[in-house]
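Assemble the complex: chain A is given as a structure, and chain B must be docked to it using the hints.
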Amino acid sequence: MMKKIFPVLVVVAAAMFAYAPFMILAAPYESTMGLVQKIFYFHAACGMAMFLAAFVSGIGSAGFLFSKKPSYDRMAVAGAELTVIIGLIVLVTGPLWARKAWGVWWQWDARLTSTLVMWMIFNAYLLLRRYGGLGSEKLAAAVALFGMANVPFVYWSVNVWRTLHPKTSVIPSLQPGMRGPFWFCVAAFLLLSIVILMLRTELEKRRQELDALYLAAED
Amino acid sequence: MKRSVLIVLSVLLLLTLAVPAFAQKPAAQDEFVPVTGTPAGAQETIPAQRLVGIAYGFIWVVFFGYAWSVRSRLSRVEREIETVSRRVPERK
Numbered sequence: 000m001m002k003k004i005f006p007v008l009v010v011v012a013a014a015m016f017a018y019a020p021f022m023i024l025a026a027p028y029e030s031t032m033g034l035v036q037k038i039f040y041f042h043a044a045c046g047m048a049m050f051l052a053a054f055v056s057g058i059g060s061a062g063f064l065f066s067k068k069p070s071y072d073r074m075a076v077a078g079a080e081l082t083v084i085i086g087l088i089v090l091v092t093g094p095l096w097a098r099k100a101w102g103v104w105w106q107w108d109a110r111l112t113s114t115l116v117m118w119m120i121f122n123a124y125l126l127l128r129r130y131g132g133l134g135s136e137k138l139a140a141a142v143a144l145f146g147m148a149n150v151p152f153v154y155w156s157v158n159v160w161r162t163l164h165p166k167t168s169v170i171p172s173l174q175p176g177m178r179g180p181f182w183f184c185v186a187a188f189l190l191l192s193i194v195i196l197m198l199r200t201e202l203e204k205r206r207q208e209l210d211a212l213y214l215a216a217e218d
Numbered sequence: 301m302k303r304s305v306l307i308v309l310s311v312l313l314l315l316t317l318a319v320p321a322f323a324q325k326p327a328a329q330d331e332f333v334p335v336t337g338t339p340a341g342a343q344e345t346i347p348a349q350r351l352v353g354i355a356y357g358f359i360w361v362v363f364f365g366y367a368w369s370v371r372s373r374l375s376r377v378e379r380e381i382e383t384v385s386r387r388v389p390e391r392k
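Sequences listed follow chains A and B, in order. Just so you know, my numbering puts 79 at position 80 of the first sequence, and the rest follows in order with no gaps. Just so you know, my numbering puts 381 at position 81 of the second sequence, and the rest follows in order with no gaps.
What the hints contain is simulated information worked out from the structure, not anything from laboratory work. Ideal Cβ placement from N, Cα and C applies to all residues, glycine included. You may find that some hints are simply not true.
Claimed, not checked - Here are a few chain A residues that sit away from chain B, every Cβ distance over 12 angstroms (derived from the structure): (1) V7; (2) F65; (3) V116; (4) M119; (5) R128; (6) A141; (7) Y154; (8) F183.
Claimed, not checked - Pairwise CB distance ranges, derived in the manner of DEER restraints: (9) B:V361 with A:A25: 22 to 30 angstroms; (10) A:A141 with B:R379: 33 to 41 angstroms; (11) B:G365 with A:E208: 23 to 31 angstroms; (12) A:K2 with B:R379: 13 to 21 angstroms.
This is chain A alone, in the form it adopts within the complex (with noise of 0.2 angstroms):
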């Protein structure tokens, strides 16, 4: 069943977002910001796709922790490892249209702030995956349940804390022809996002089989 999905949610996805610069252009630009808003489109359905993939990655661990079972380990490698892919996108875009938009291309604000602190908990669950050696998973289980705690605090902080970076209220607010393009891009990153959470996802079972056949190569 998985098999047969999963080749027509990679044709989809990759014709959403081949198609999706055709409607960025198409919509009206922003009366103060001009062309550079455009970023938006990309930037903040990147954000929102981040979220997914840190969510997939707590609740993975969450599960993990108790019920040990393999494949919420596997759900949550791969989504800590999408987490900071997306991350670095969102946090390489954003200062790419602030440079435009503010002036500077960073500002230590709550937003900023907390999506930096956010991407690098997720570092520090790859890198503990990555060296810490036997019995880490359990340690960076807990760490990505607190990359995953961080969630909606990056997502209220615009709300909470006086920022520079636009409210959680213009997505909302968008008029008719940005609003199109915008929940089109959503659609195309989380489809994206999920099509590579899957492929991820194998990878790590197969590199589980692989380690079993290792070992029993070895008796």
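This is chain B only, laid out in the frame that chain A set:
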């Protein structure tokens, strides 16, 4: 006495350093207002086109680079599984 003066001075110094953090910043944007065509007076000092190009290029490269890396790691592991599984029945 000397110690308490030192403490008071340290607190004052910390407060002075902290003032910029509490300074009023311009308010965050609540909504995006669209305009038709290019915004008026678009005499740019920082070229937006280049920034947008870099942003979109970076996203495409990182996303597809990562997808390609996962796919190639998966094929490498599959090949290794094939090699090792051939070795396991030989030993038995």
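- Message: Quick check for students: does the CB of V7 (chain A) sit more than 12 angstroms from each CB in chain B?
- Response: holds (16 angstroms)
- Message: Taking the Cβ atom of V361 (chain B) and the Cβ atom of A25 (chain A), is their distance within the range 22 to 30 angstroms?
- Response: holds (24 angstroms)
- Message: Please check whether A141 (chain A) and R379 (chain B) have a Cβ separation lying inside 33 to 41 angstroms.
- Response: holds (35 angstroms)
- Item | Cβ separation check - F183 (chain A) to all of chain B, threshold 12 angstroms | holds (15 angstroms)
- Item | Given as non-interface: V116 (chain A), which should sit over 12 angstroms from chain B by C-beta | holds (17 angstroms)
- Closest CB of chain B to the CB of F65 (chain A) still more than 12 angstroms away: holds (27 angstroms)
- Separation of A141 (chain A) from chain B, once the least beta-carbon distance is taken, above 12 angstroms: holds (25 angstroms)
- Query: Would R128 (chain A) pass as off the interface with chain B, using Cβ distances and a cut of 12 angstroms?
  - Reply: About 15 angstroms separates R128 (chain A) from the closest Cβ of chain B, which puts it past 12 angstroms; holds.
- Item | Interface exclusion of M119 (chain A) relative to chain B, criterion Cβ beyond 12 angstroms | holds (18 angstroms)
- Could you see if the CB distance from K2 (chain A) to R379 (chain B) stays within 13 to 21 angstroms? The hinted range 13 to 21 angstroms holds for K2 (chain A) and R379 (chain B), with Cβ atoms some 19 angstroms apart.
- Quick one: are G365 (chain B) and E208 (chain A) within 23 to 31 angstroms, going by C-beta? holds (26 angstroms)
- Item | Separation of Y154 (chain A) from chain B, once the least beta-carbon distance is taken, above 12 angstroms | Holds: least Cβ distance 14 angstroms, greater than 12 angstroms.
Every hint from the earlier list agrees with this structure, and none is contradicted.
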